[in-house]
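> Take a look at the letters that make up each chain.
Protein chains: 2
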Amino acid sequence: MKSLSCFGFFSPTFFRCLSVTVGVTTLVACGHVGVRGTGDLGIIIERASGRVQIVEHSGATRLASVSGLGDLSHASVVISRDARFAYVFGRDGGLTKVDLLLQKIDKRIVQAGNSIGGAISQDGRLIAAQNYQPGGVKIFDAASLELLADIPTSFGSEGKRSKVVGLADAPGQRFVWSCFDSGEIWVVDLSDPRHPQVRTFKQVGREPYDGLVTPDGRYYLAGLFGEDGMAMLDLWHLDRGVRKILPDYSKGEEKLPVYKMPHLRGWAIAGRYAYVPAIGRHEVLIVDTESWQEVGRVAVAGQPVFVMARPDGKQIWVNFAFPDNGQVNVIDVESRQVIKTLTPGKAILHMEFTPRGEAVWISARDDHRVMVIATDDFTTRQVLQADSPSGIFFTSRAARIGF
Amino acid sequence: MKSLSCFGFFSPTFFRCLSVTVGVTTLVACGHVGVRGTGDLGIIIERASGRVQIVEHSGATRLASVSGLGDLSHASVVISRDARFAYVFGRDGGLTKVDLLLQKIDKRIVQAGNSIGGAISQDGRLIAAQNYQPGGVKIFDAASLELLADIPTSFGSEGKRSKVVGLADAPGQRFVWSCFDSGEIWVVDLSDPRHPQVRTFKQVGREPYDGLVTPDGRYYLAGLFGEDGMAMLDLWHLDRGVRKILPDYSKGEEKLPVYKMPHLRGWAIAGRYAYVPAIGRHEVLIVDTESWQEVGRVAVAGQPVFVMARPDGKQIWVNFAFPDNGQVNVIDVESRQVIKTLTPGKAILHMEFTPRGEAVWISARDDHRVMVIATDDFTTRQVLQADSPSGIFFTSRAARIGF
Numbered sequence: 001m002k003s004l005s006c007f008g009f010f011s012p013t014f015f016r017c018l019s020v021t022v023g024v025t026t027l028v029a030c031g032h033v034g035v036r037g038t039g040d041l042g043i044i045i046e047r048a049s050g051r052v053q054i055v056e057h058s059g060a061t062r063l064a065s066v067s068g069l070g071d072l073s074h075a076s077v078v079i080s081r082d083a084r085f086a087y088v089f090g091r092d093g094g095l096t097k098v099d100l101l102l103q104k105i106d107k108r109i110v111q112a113g114n115s116i117g118g119a120i121s122q123d124g125r126l127i128a129a130q131n132y133q134p135g136g137v138k139i140f141d142a143a144s145l146e147l148l149a150d151i152p153t154s155f156g157s158e159g160k161r162s163k164v165v166g167l168a169d170a171p172g173q174r175f176v177w178s179c180f181d182s183g184e185i186w187v188v189d190l191s192d193p194r195h196p197q198v199r200t201f202k203q204v205g206r207e208p209y210d211g212l213v214t215p216d217g218r219y220y221l222a223g224l225f226g227e228d229g230m231a232m233l234d235l236w237h238l239d240r241g242v243r244k245i246l247p248d249y250s251k252g253e254e255k256l257p258v259y260k261m262p263h264l265r266g267w268a269i270a271g272r273y274a275y276v277p278a279i280g281r282h283e284v285l286i287v288d289t290e291s292w293q294e295v296g297r298v299a300v301a302g303q304p305v306f307v308m309a310r311p312d313g314k315q316i317w318v319n320f321a322f323p324d325n326g327q328v329n330v331i332d333v334e335s336r337q338v339i340k341t342l343t344p345g346k347a348i349l350h351m352e353f354t355p356r357g358e359a360v361w362i363s364a365r366d367d368h369r370v371m372v373i374a375t376d377d378f379t380t381r382q383v384l385q386a387d388s389p390s391g392i393f394f395t396s397r398a399a400r401i402g403f
Numbered sequence: 404m405k406s407l408s409c410f411g412f413f414s415p416t417f418f419r420c421l422s423v424t425v426g427v428t429t430l431v432a433c434g435h436v437g438v439r440g441t442g443d444l445g446i447i448i449e450r451a452s453g454r455v456q457i458v459e460h461s462g463a464t465r466l467a468s469v470s471g472l473g474d475l476s477h478a479s480v481v482i483s484r485d486a487r488f489a490y491v492f493g494r495d496g497g498l499t500k501v502d503l504l505l506q507k508i509d510k511r512i513v514q515a516g517n518s519i520g521g522a523i524s525q526d527g528r529l530i531a532a533q534n535y536q537p538g539g540v541k542i543f544d545a546a547s548l549e550l551l552a553d554i555p556t557s558f559g560s561e562g563k564r565s566k567v568v569g570l571a572d573a574p575g576q577r578f579v580w581s582c583f584d585s586g587e588i589w590v591v592d593l594s595d596p597r598h599p600q601v602r603t604f605k606q607v608g609r610e611p612y613d614g615l616v617t618p619d620g621r622y623y624l625a626g627l628f629g630e631d632g633m634a635m636l637d638l639w640h641l642d643r644g645v646r647k648i649l650p651d652y653s654k655g656e657e658k659l660p661v662y663k664m665p666h667l668r669g670w671a672i673a674g675r676y677a678y679v680p681a682i683g684r685h686e687v688l689i690v691d692t693e694s695w696q697e698v699g700r701v702a703v704a705g706q707p708v709f710v711m712a713r714p715d716g717k718q719i720w721v722n723f724a725f726p727d728n729g730q731v732n733v734i735d736v737e738s739r740q741v742i743k744t745l746t747p748g749k750a751i752l753h754m755e756f757t758p759r760g761e762a763v764w765i766s767a768r769d770d771h772r773v774m775v776i777a778t779d780d781f782t783t784r785q786v787l788q789a790d791s792p793s794g795i796f797f798t799s800r801a802a803r804i805g806f
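Just so you know, the sequences run in chain order Z and W.
Residues in the first sequence are numbered consecutively from 1, following our numbering.
Residues in the second sequence are numbered consecutively from 404, following our numbering.
It should be emphasised that the hints constitute simulated quantities derived from the structure, not laboratory data.
A hint or two may mislead.
Facing chain W, a subset of chain Z residues (Cβ under 7 Å, in silico) [as the list claims (entries may be wrong)]:
| # | residue |
| --- | --- |
| 1 | Asp-40 |
| 2 | Gly-70 |
| 3 | Arg-84 |
| 4 | Arg-356 |
To be clear about the criterion: a stretch of chain W counts as covered by chain Z if any three or more of its residues have a C-beta under 8 Å from a C-beta of chain Z, and this derived list gives those stretches [as the list claims (entries may be wrong)]:
| # | segment |
| --- | --- |
| 5 | 521-532 |
| 6 | 564-578 |
Virtual Cβ for every residue (Gly too), placed ideally from N, Cα, C.
Here chain Z stands alone, though its shape is the one from the complex (with noise of 0.2 Å):
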């Protein structure tokens, strides 16, 4: 036993932290607070405030805000390999890296001047960053966050740059994304995070607004605005280029206004079968991921914003654009047919299934709550206070291809 110096904080709530000095290393540690697993934790988004609650899925709780990550009207997360930090991309290009064990801000930056999302590599080792403005990708050290390489989007002969959307991480150390003005697919391979090996894929279709990979990993598919139908990509073969899928899925019908862009990384695939949700029109369609072809729709409350698979694929539940986005249809994938309308709130904005999908939780902005629900007999188990929550990341997304 050697002697110590010991140095501890107290605060009126609960105890956090201890500095303990040994000889010339000083150590700290933390009880209640920081020694728990991470496997059950998440992150709920409060849009309006800059803040972010750290909750747990085990027992359904909240257990801390952090406060001062900017602008988070349009924020997205992904989690580090370890399940300890969560990265929140800002629309205000602010990159914030938040320790869900300390409960507090770790690091960080501002990268942008207006940003859309991110992505984390297979590894866990590089965080990609989604720019509007300036146009580009910017890939960091995933933990200290210093910038190793800058990709912008340049395009035509004037200099400019595209926004970027779709980012995804893809088997092989890659990152794949579209550029919404330039109509591009690039693929980047970051073996070496230095000298990223881009690719280009040229004229894949008008105003890709968002994409995704599948989850095993293999496709890409870029949904389009300017257009009907998606652009895909065969990630085993990228000499065969982008083919254009559900080419007139509108066709002879005249589209709703869109009042809010579906996203589709959240989407579902189910079996064989995946479930895209149709720009403009009150609509899922289904698609054969064999042949890609449109295979049957499933009618539904309003436009479809997520489109997200029960874990086991048994069920397809859908939230809505404005001004039906206080319900949320529950689509039986067996028989194609919505089974079950939910008015959990007022403005839904996300959905976040339980790692086994017993349970969903829902955020519901104007009522500033996050209902949980059962999946098998849709009752409420749970109710958390928010300020206008939107969206909602468990930590289990850290194990799985594209999130």
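Use these hints to put chain W onto chain Z, whose structure you have.
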């Protein structure tokens, strides 16, 4: 700032725990050891010494050893919902809850005379142990290891109890297992843990030896040892009963002597196709999961033991029974060919992929080491020493159905 008393333990190697008394409350806080994310942790079974190693796969290092787990000669592991605890099922009926953060045994019971593994419920609150002697399944509270239900697998009129194999969790807070001696499949609903609702399917085939739930939680499959084929149950439609698939895969040919039974739980579904070990044959069967018909075979180096898909489904890795247990075959899913044969060491017992699949950890029992191999170029990235290593289990299993 209130007064507090502080007491620390210091070991020559690293700082461990601090006990702090604030008023009447004593809090234990741990530095280095305790405060870290648990998303990248894992367990390596050291089968001959009743010991496990705690490892992390971000840097591929060993963190600690924990001893006193009894007979680990056929041990398996499930992970708690929060990814803090590993439940280790020993061959001697021991069930040990290991704290991966405090690096010690949290609780340990001996719950049967001869046990073969276990599972964790969808909500993470129940642990099920499958026992040979006495035959049956016991249900425990995951936090306290209190016994909640004891389900003997009785059959016939002489009071016999069947050995239980192939236990897996399924959506709807259910467990499913097979009975080796009676040739049955049992589906048990534990929504009320003290009052299990059992449904029994008889005459499913001779001597089921292992089973699994498909990654989407829909189908339960039991491999048969006493005859060709597998028994399949659609968990969405129990009333349709058990169906026999692959009934004649060794038709007209003599089986080789079987040195080691294949393991099914880690089996491989890549896209629409399942890759299944053929018993007593140097083949992997390819099965269409829509028709459940065999659609192809791949000749491999020996009798397959584990047939596992890389998380992105692009490769299938296979290890073998004696005398071919020094080899590993890698099957390319697209071409259905063996594209690589590795000889990573003597007596290859298990393989575990990192969550997004860039690496695989392989245990070589008789070389007393675990190799970390990159799945793109097959280079060995790291070698860890271990005493007769067998199973390797990462915490990412916590979020996966059927694990």
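> All hints are to be evaluated individually against the structure, with a verdict given for each.
Hints, verified against the model:
no. : hint    : verdict
1   : Asp-40  : holds (4 Å)
2   : Gly-70  : violated (24 Å)
3   : Arg-84  : holds (3 Å)
4   : Arg-356 : holds (5 Å)
5   : 521-532 : holds (count 3)
6   : 564-578 : holds (count 4)
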